[in-house]
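Undergrad: Sequence:
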Amino acid sequence: MSPEEIELYKDALKIGIPALVGLSAGLVPYFIEKRKVAIQKTIEDDKAKRALVISFAEALSEYQGSSRAYISYLVSSRYNAGEGWGKVIDSASQKMTDNEVNRVKAKSLAGIVGNTEVVDALLEYDRCITEVMSLLVKSQLLIDDKTEKEQVLKLEVAERKLLHSLNRLL
Numbered sequence: 643m644s645p646e647e648i649e650l651y652k653d654a655l656k657i658g659i660p661a662l663v664g665l666s667a668g669l670v671p672y673f674i675e676k677r678k679v680a681i682q683k684t685i686e687d688d689k690a691k692r693a694l695v696i697s698f699a700e701a702l703s704e705y706q707g708s709s710r711a712y713i714s715y716l717v718s719s720r721y722n723a724g725e726g727w728g729k730v731i732d733s734a735s736q737k738m739t740d741n742e743v744n745r746v747k748a749k750s751l752a753g754i755v756g757n758t759e760v761v762d763a764l765l766e767y768d769r770c771i772t773e774v775m776s777l778l779v780k781s782q783l784l785i786d787d788k789t790e791k792e793q794v795l796k797l798e799v800a801e802r803k804l805l806h807s808l809n810r811l812l
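In this note's numbering, the protein residues as written are 643 to 812.
What the hints contain is simulated information worked out from the structure, not anything from laboratory work.
Relax, there's no trap hidden among the hints.
When the alpha-carbon atoms are kept at most 20 Å apart in a straight line, the in silico SDA-like pairs for lysine to any residue are as follows:
no., residue 1, residue 2
1, K747, T772
2, K749, R769
3, K737, K747
4, K791, R710
5, K791, V779
6, K691, G756
7, K780, D768
8, K788, L777
9, K729, L716
10, K788, S714
11, K780, Q736
12, K796, S776
13, K749, N809
14, K676, E686
15, K803, R745
16, K803, T758
Work out the full structure, taking the sequences as your base and the hints as a guide.
TA: Written out as structure tokens, the structure is:
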């Protein structure tokens, strides 16, 4: 090797090593910060999803409560007619109608959360609630106990399926 080549290599080392150290000193914090930002975004996304799930659960529970109360009063009215049940049923019906907003909210939030199993279970439950109420309202005194029990059992199965599907949300 010639002295010029040796000098060239020395200069390359003098310039290259500090440049490499400087580059790595800049890249390491960059990648660490990039990872922190990704982790923070994941945490924020999880918090937002949990907030949606909580809102969904609240809307669903209010809808379920008012609907089930109305159905219970309709069933009980067959056996307790004439004891002021008309007012009780009207009150429960009004409360259920007021909670229609929660029904729509629950459906919307289930769609936003995006789990098709939950959406399908909620739609099936909603359909069963509608069928049971329709049956009980249309034929309050004409329905036999067996048909009533079958419809209520069908509703309970749909409700159980819905509740079991909720664990997919978290």
